[in-house]
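Going down the list, the sequences are from chains A and B.
Mind the numbering: the first sequence is residues 1 to 509 in our numbering, read in order.
Mind the numbering: the second sequence is residues 1 to 319 in our numbering, read in order.
There may be inaccurate statements among the hints.
If the Cβ cut is set under 10 Å, some of the chain A residues that face chain B in the computed set are [as the list claims (entries may be wrong)]:
1. Thr13
2. His198
3. Lys199
4. Thr213
5. Trp305
6. Leu311
7. Met339
8. Gly342
9. Ile460
10. Leu463
11. Ser492
These aren't lab readings, by the way, just hints derived from the structure by calculation.
Beta carbons are placed, not taken as given, at the ideal position from N, Cα and C, and that holds for glycine.
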Amino acid sequence: MRTLTDLEYLKLTRFQRLGYSVLRFFYSIPGRFVKLGKGIWNGIRKCGLGIAGECRDIVQTFVRGDWKTRVSYLVMGFGSIARGQILRGLLFLLFEGVFIFYMIASGAKWLSLFGTLGTVEQGRVYDEVKDVYVTVEGDNSFKILLYGILTIIFCIAFIYTWRLNVKQNKIGQELQEQGKRLKSAKDDLRSLVDEEFHKTLLALPLTGILIFTVLPILFMILVAFTSYDGVNNGYSKLFTWIGLDNFNALITLADSSGNSLSYTFGEVLTWTLIWAFFATFTNYFLGMLVALAINKKGIRFKKMWRGILVLTMAVPQFISLLYISHMFDKTGVVNNVLMNLGWITTRIDFWANGDTARLLVILINVWVGIPYLMLIITGVLMNIPQDLYESARIDGANAFQQYQKITLPYVLFVTGPYLLTSFTGNINNFNVIYLLTGSVKANPTLTVNGQFVKSTDLLITWLFNLTTGATANYKLACTIGIFIFIVIAIISLIVYNILPSNKNEEDFS
Amino acid sequence: MSIEEMKTNSRVRKLVKETERANRTKGRHMSLSKQRRLSNTVIYIILTILVIVWLIPFFFLLLDSLKCDVAADGVTRVTWQSDNIFPRKWGFDNYVDLFTRTSFFRWFTNTTIVGLATAVLQTGMVLLMSYTLSRLRFRGRKFLMNFMLILGMFPGFLSMILLYKLLSDWGMTQQNSIVGLILVYCASSGMGYYISKGFFDTIPRSLDEAARIDGATRAQVFGKIILPLSKPILIYTILTAFMAPWGDFMFASYIAHSTDIGKNVAVGLRDLISTSSGMADHYTWFCAGGVIVAIPITILFMLLQRYYVEGVTGGAVKG
Chain A
1 MRTLTDLEYL KLTRFQRLGY SVLRFFYSIP GRFVKLGKGI WNGIRKCGLG IAGECRDIVQ
61 TFVRGDWKTR VSYLVMGFGS IARGQILRGL LFLLFEGVFI FYMIASGAKW LSLFGTLGTV
121 EQGRVYDEVK DVYVTVEGDN SFKILLYGIL TIIFCIAFIY TWRLNVKQNK IGQELQEQGK
181 RLKSAKDDLR SLVDEEFHKT LLALPLTGIL IFTVLPILFM ILVAFTSYDG VNNGYSKLFT
241 WIGLDNFNAL ITLADSSGNS LSYTFGEVLT WTLIWAFFAT FTNYFLGMLV ALAINKKGIR
301 FKKMWRGILV LTMAVPQFIS LLYISHMFDK TGVVNNVLMN LGWITTRIDF WANGDTARLL
361 VILINVWVGI PYLMLIITGV LMNIPQDLYE SARIDGANAF QQYQKITLPY VLFVTGPYLL
421 TSFTGNINNF NVIYLLTGSV KANPTLTVNG QFVKSTDLLI TWLFNLTTGA TANYKLACTI
481 GIFIFIVIAI ISLIVYNILP SNKNEEDFS
Chain B
1 MSIEEMKTNS RVRKLVKETE RANRTKGRHM SLSKQRRLSN TVIYIILTIL VIVWLIPFFF
61 LLLDSLKCDV AADGVTRVTW QSDNIFPRKW GFDNYVDLFT RTSFFRWFTN TTIVGLATAV
121 LQTGMVLLMS YTLSRLRFRG RKFLMNFMLI LGMFPGFLSM ILLYKLLSDW GMTQQNSIVG
181 LILVYCASSG MGYYISKGFF DTIPRSLDEA ARIDGATRAQ VFGKIILPLS KPILIYTILT
241 AFMAPWGDFM FASYIAHSTD IGKNVAVGLR DLISTSSGMA DHYTWFCAGG VIVAIPITIL
301 FMLLQRYYVE GVTGGAVKG
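All chains, full assembly: derive it from the sequences and hints.
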């Protein structure tokens with residue numbers, strides 16, 4: 001595809017420009033794959049070279065090193081202590097001690113079981129003395145998986161620290177040979193509030209993220225390759241590695257008559273994307289209209305209109321959503337009012353039909369979303385330079401033209417990134433769907449393995465239902481989780497490449 | 001051209017422009033103002049309808065919570081959803097029942113404690129993260145940001161499969177769900193640094209540099225210069241952090257699903273009307289609970305609304 005020059009590009013209308021960038025993106029896909037391949041190859045090469053370099057450095061340090069350095073290869077931190085950096089040395093030594101103790105005490109055992117996730121089933125043995133059957137604990141696949149991951153992480157951390165220790169020795173030795181003073185413990189501590197301040201600040205948040213996000217996500221990814229569910233729960237019945245079976249079950253097409261995992265997955269995924277699209281764009285454009293109406297010149301009580309809409313956001317969602325959901329029940333407020341007005345004679349069950357339920361959910365989501373969007377867009381509108389409108393008015397542009405040529409492009413440009421985050425947020429919009437659709441009946445054609453699925457279920461609510469109850473199916477939930485990740489990553493990548501407002505973070509300072 | 005000439009020149013140009021504009025508006029003056037008045041009236045009508053639609057659920061919520069109807073047998077209180085719009089008998093019985101016959105008070109205190117703790121801890125985490133990423137430049141910064149972006153694409157709820165096991169091993173679930181919930185909400189909250197980083201990005205870096213030249217350490221710059229300047233974003237972060245636990249259903253229902261005293265308000269009140277818990281017939285109690293929860297939160301929100309609006313608009317624009 002021909003790349004347009006700047007001048008030609010500027011001649012295009014807005015929609016042509018958008019089409020142009022979309023087309024360019026799709027044309028560039030093969031090139032991107034080549035680039036990706038090259039990038040991966042380069043990465044591997046760099047990695048290999050890096051490791052080789054590190055190894056060479058380690059050997060060289062050993063050959064050139066004095067006896068203090070050489071002893072440090074076995075006893076970490078020895079060199080540092082011998083050179084007077086006692087605090088550093090002690091920390092190294094302590095780390096090594098803990099590591100060795102842990103590996104002997106339990107680490108080695110977890111690592112050896114990691115390949116099979118346990119072999120000894122829980123058994124019942126007849127106790128002759130007491131004359132009863134006693135349960136004998138077997139292996140616990142869950143624990144093996146968890147501690148296996150932890151042990152591997154610990155090993156990597158140990159290798160890294162050991163390398164750090166060697167490096168420290170090299171630096172220390174060189175500095176001493178040049179007759180320079182080594183950093184004292186006091187210097188180290190002071191640098192933690194100055195040059196190395198980021199380490200101090202990030203220590204706590206990153207530890208939290210590591211334990212409460214990274215570790216569980218690693219665990220989740222691995223579970224997707226096992227047979228972990230409510231029955232094979234790891235202690236009364238072991239689970240084990242099953243390769244890609246879970247992924248195959250989700251994507252291989254069985255017959256399209258329904259009640260197969262892949263059929264349900266396809267239906268739910270389609271609805272999730274439809275929902276995310278409509279939920280995002282109905283809110284966005286209606287929210288923009290409301291914002292424009294409130295901010296129109298000559299409209300009075302602006303603060304009051306805005307205030308009332310914003311107040312509805314203050315009420316916790318579970319109250320408003322649960323209540324609205326029940327307003328549409330058969331004995332709910334809506335039916336009551338309609339009956340009293342005499343508009344209907346039989347009560348309508350809004351939630352009975354899957355399609356009306358879907359429509360209703362999107363409509364109610366407008367109620368939820370408009371105040372928020374109204375706020376955001378009001379903020380953007382206030383930032384539009386007023387002289388733009390002034391000159392447009394002098395040139396004789398009417399209100400609609402002003403909207404089309406100034407307001408819309410400006411708002412779209414500035415809120416582009418927000419649209420993306422709100423789209424991905426809607427894919428995972430648990431609260432709205434789960435709280436609203438409590439009265440929706442399960443769709444029988446989507447039921448699979450005895451698990452009920454509603455027409456309105458998103459991937460995230462399906463996943464939630466899969467992790468609760470006696471029929472929990474963790475392996476499936478984790479596989480779906482990985483698919484959600486893939487979907488969001490792809491969408492983000494595409495949108496990020498098309499959006500005009502890929503702004504540099506430094507621009508705002 | 002002399003300066004004098006230029007001045008008159010520009011004055012003339014201004015005059016011409018003004019007369020032009022006056023001429024143009026004179027012809028359409030009447031119709032324009034009429035048109036505007038008409039369109040404004042339409043907008044007023046639309047806005048009024050909107051406001052009514054947005055307030056209607058709360059109006060009916062209040063009505064339902066005041067229903068003290070008695071069933072046909074003359075004894076049984078109607079606590080289920082009934083088909084009359086207005087209460088047949090008004091009263092506060094539902095509110096009394098809520099406190100005497102359910103563990104509502106306990107749920108309310110649970111949520112308040114969790115909310116307060118989350119407000120403090122989460123604000124601290126977010127502040128540390130966003131400040132560091134915005135003001136300090138260090139090796140691995142870009143990598144860290146991309147890494148967290150990718151982490152955020154995984155559905156966070158799935159971490160509960162592991163976390164639930166861990167937390168229950170440590171005794172932080174069910175009855176003791178408060179500690180568990182606080183940990184779940186706060187531990188990795190550093191990942192939500194975007195909005196407040198956007199704020200810090202707008203504070204000129206020359207301020208930092210000036211202080212650094214004067215001999216302040218980075219820690220002093222943070223404590224004495226940046227922190228006092230960031231009051232709006234601080235309040236925004238505290239407010240959103242405090243309000244989040246009040247609306248959370250997902251994590252709370254997972255951590256405290258089989259106990260009554262460990263629930264938060266969302267789970268507790270939901271179970272009053274969910275069919276699966278066998279308590280489906282306490283609809284009016286749910287409404288009363290909703291009103292009690294909504295009032296303090298709404299008042300708090302109203303007081304701090306200015307900061308909230310600032311945070312939302314600023315955050316979305318800066319991305």
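A quick look at each hint next to the structure:
1. Thr13: violated (26 Å)
2. His198: The hint holds - His198/A has a Cβ within 10 Å of chain B, the shortest such distance being about 5 Å.
3. Lys199: holds (8 Å)
4. Thr213: Hint on Thr213/A: holds, closest Cβ of chain B at ~4 Å, below 10 Å.
5. Trp305: holds (5 Å)
6. Leu311: Constraint on Leu311/A satisfied, holds at 6 Å.
7. Met339: Constraint on Met339/A satisfied, holds at 7 Å.
8. Gly342: violated (14 Å)
9. Ile460: With a minimum Cβ separation of about 6 Å from chain B (threshold 10 Å), the hint on Ile460/A holds.
10. Leu463: Result: holds, 7 Å to nearest chain B Cβ.
11. Ser492: Holds, about 7 Å.
Comparing the model with each earlier hint shows violations of hints 1, 8; every other hint is respected.
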